[in-house]
Amino acid sequence: MIAAAAAVIGGQVPAPQSKPVTPLQAPPAQTQPRPPAPTTPTPTPTPAPAQPKPAAPPQTTPPVRRAPAAPASARGGMAITVTDQTGATISGVHVTVFGATDRNGETNASGQLNLPGMMVGTYRLRFASDKVITFEREVTVAAGRVADVDVALNPAPKPAAPPPPLPPPAPVEVPRAATGPTGQPQSLSIPDLLEKEFVGKQPRRESLLSCSGNTRTTMLQINEPLPERRYADGDIVYYVVGGEGTLKQNGRDARITTNTFLSVPRGTSHSFERRGNRPLILLAVLGGEACEQAK
Numbered sequence: 001m002i003a004a005a006a007a008v009i010g011g012q013v014p015a016p017q018s019k020p021v022t023p024l025q026a027p028p029a030q031t032q033p034r035p036p037a038p039t040t041p042t043p044t045p046t047p048a049p050a051q052p053k054p055a056a057p058p059q060t061t062p063p064v065r066r067a068p069a070a071p072a073s074a075r076g077g078m079a080i081t082v083t084d085q086t087g088a089t090i091s092g093v094h095v096t097v098f099g100a101t102d103r104n105g106e107t108n109a110s111g112q113l114n115l116p117g118m119m120v121g122t123y124r125l126r127f128a129s130d131k132v133i134t135f136e137r138e139v140t141v142a143a144g145r146v147a148d149v150d151v152a153l154n155p156a157p158k159p160a161a162p163p164p165p166l167p168p169p170a171p172v173e174v175p176r177a178a179t180g181p182t183g184q185p186q187s188l189s190i191p192d193l194l195e196k197e198f199v200g201k202q203p204r205r206e207s208l209l210s211c212s213g214n215t216r217t218t219m220l221q222i223n224e225p226l227p228e229r230r231y232a233d234g235d236i237v238y239y240v241v242g243g244e245g246t247l248k249q250n251g252r253d254a255r256i257t258t259n260t261f262l263s264v265p266r267g268t269s270h271s272f273e274r275r276g277n278r279p280l281i282l283l284a285v286l287g288g289e290a291c292e293q294a295k
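Residue 1 is where the sequence shown starts when you use this note's numbering, and the numbers rise one by one after that.
Rather than coming from a laboratory, the hints here were simulated on the basis of the structure. All values reported here derive from a predicted model rather than from experimental measurement. All C-beta atoms, glycine included, are put in the ideal place defined by N, C-alpha and C. Some hints could be false.
With a straight-line cut-off of 20 Å between C-alpha atoms, the simulated DMTMM-like cross-links for lysine to aspartate or glutamate are [unchecked claim]: (1) Lys248 <-> Glu206; (2) Lys201 <-> Glu138; (3) Lys248 <-> Glu273.
The following label-pair restraints were derived from C-beta to C-beta distances [stated by the list, open to error]: (4) Glu195 <-> Arg255: 26 to 36 Å; (5) Pro164 <-> Gln112: 52 to 62 Å; (6) Glu197 <-> Pro171: 43 to 53 Å; (7) Ser110 <-> Pro163: 32 to 42 Å; (8) Ala161 <-> Arg124: 31 to 41 Å; (9) Phe98 <-> Arg145: 32 to 42 Å; (10) Ala161 <-> Pro181: 56 to 66 Å.
Required output: the full structure, derived from the provided sequences and hints.
Here is the structure:
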C-alpha cells in the first residue's frame with residue numbers, strides 16, 4: 001500500500017497489471033455416432049461327409065521272429081585234416097556236417113578243410129569218398145575256439161575183378177528135317193480138274209495135285225465145315241479158287257471170297273466153313289512136312 005501511495009504521489013499511476021489472456025478454445029466438436037457396421041450372418045458350418053471306415057487289414061500270419069544272431073564270441077569253427085593210416089593227406093574227401101550249422105565241402109590238395117563261423121554245439125561229421133571207407137564222428141564246437149579235427153581213414157577195398165567171360169556156347173546141331181521123295185513136274189488146268197473131280201453133293205473132297213520133298217499141293221472142295229487143322233512142323237498157304245466162306249483161326253472168324261490169299265503159320269489151328277450155295281474151293285500148299293508119296 002505504501003508503494004501505491006507513493007506512486008500516486010509522484011503523479012504516476014501505475015498501469016494495471018493485465019492478466020494473461022488465455023486464447024479461446026474452440027468448443028469440442030460433437031462426435032456423431034457411427035452407424036453400426038452391418039453384421040454378416042455367421043454361416044452355419046456344413047458337416048463334412050462321413051468318411052468310410054478303413055477296411056480291416058487282412059489276417060496274416062505273424063512273422064516268425066528269428067533269434068538274434070549270436071555274437072562273434074559265441075561262434076567257433078573247425079580245422080579238418082584228413083589223412084590215411086600212414087599219415088599221408090587225402091584230397092577230394094567230401095565232408096558233410098550235421099548240426100546247428102549245416103556245412104559241407106571237400107578237402108583240398110593238402111587234405112584240409114576249414115569251416116569258420118559255426119554256432120556253438122555238437123556236430124556229426126561224415127567223411128565219404130571213392131578212395132576211403134565212409135566214416136562218421138562227433139565234434140564239439142566251443143565259443144571263440146577253432147576245433148582241430150584230425151581224421152585217419154581206411155582205404156576203400158579194391159573192386160573185385162570181373163569174372164572171366166563165359167565161353168561161347170557150343171553150336172547146336174539141328175537135326176536135318178526128313179525129306180520126302182522127289183516128285184515129277186506137274187502142269188494142269190484147274191477148271192479141267194474140277195470137271196473131273198467136282199465135289200457135287202459130297203461133304204468135302206481133297207485132290208492131291210503134286211508132292212515133292214517137303215512140299216505138298218492139294219485142292220479142297222468144301223460143302224460142310226472142315227474139321228480143325230494144325231500143322232506142327234509145316235506152314236501152309238491157301239488161295240480161294242471159287243465160292244465164299246469163313247476162316248476160323250485161333251478163335252477168330254474172317255470172311256473170305258474168290259481170289260483171297262491166306263497164310264497160316266505152323267502151329268496155328270484153323271478151319272473153313274462154306275457160305276452161300278456154291279462149294280468153297282481152296283488151293284492149299286503145305287511146306288515143311290515130308291510128302292507121303294511123290295507125285
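Going down the list of hints, with the structure as the test:
| no. | hint | verdict |
| --- | --- | --- |
| 1 | Lys248 <-> Glu206 | holds (19 Å) |
| 2 | Lys201 <-> Glu138 | violated (100 Å) |
| 3 | Lys248 <-> Glu273 | holds (8 Å) |
| 4 | Glu195 <-> Arg255: 26 to 36 Å | holds (28 Å) |
| 5 | Pro164 <-> Gln112: 52 to 62 Å | violated (43 Å) |
| 6 | Glu197 <-> Pro171: 43 to 53 Å | holds (48 Å) |
| 7 | Ser110 <-> Pro163: 32 to 42 Å | holds (40 Å) |
| 8 | Ala161 <-> Arg124: 31 to 41 Å | holds (36 Å) |
| 9 | Phe98 <-> Arg145: 32 to 42 Å | violated (20 Å) |
| 10 | Ala161 <-> Pro181: 56 to 66 Å | holds (59 Å) |
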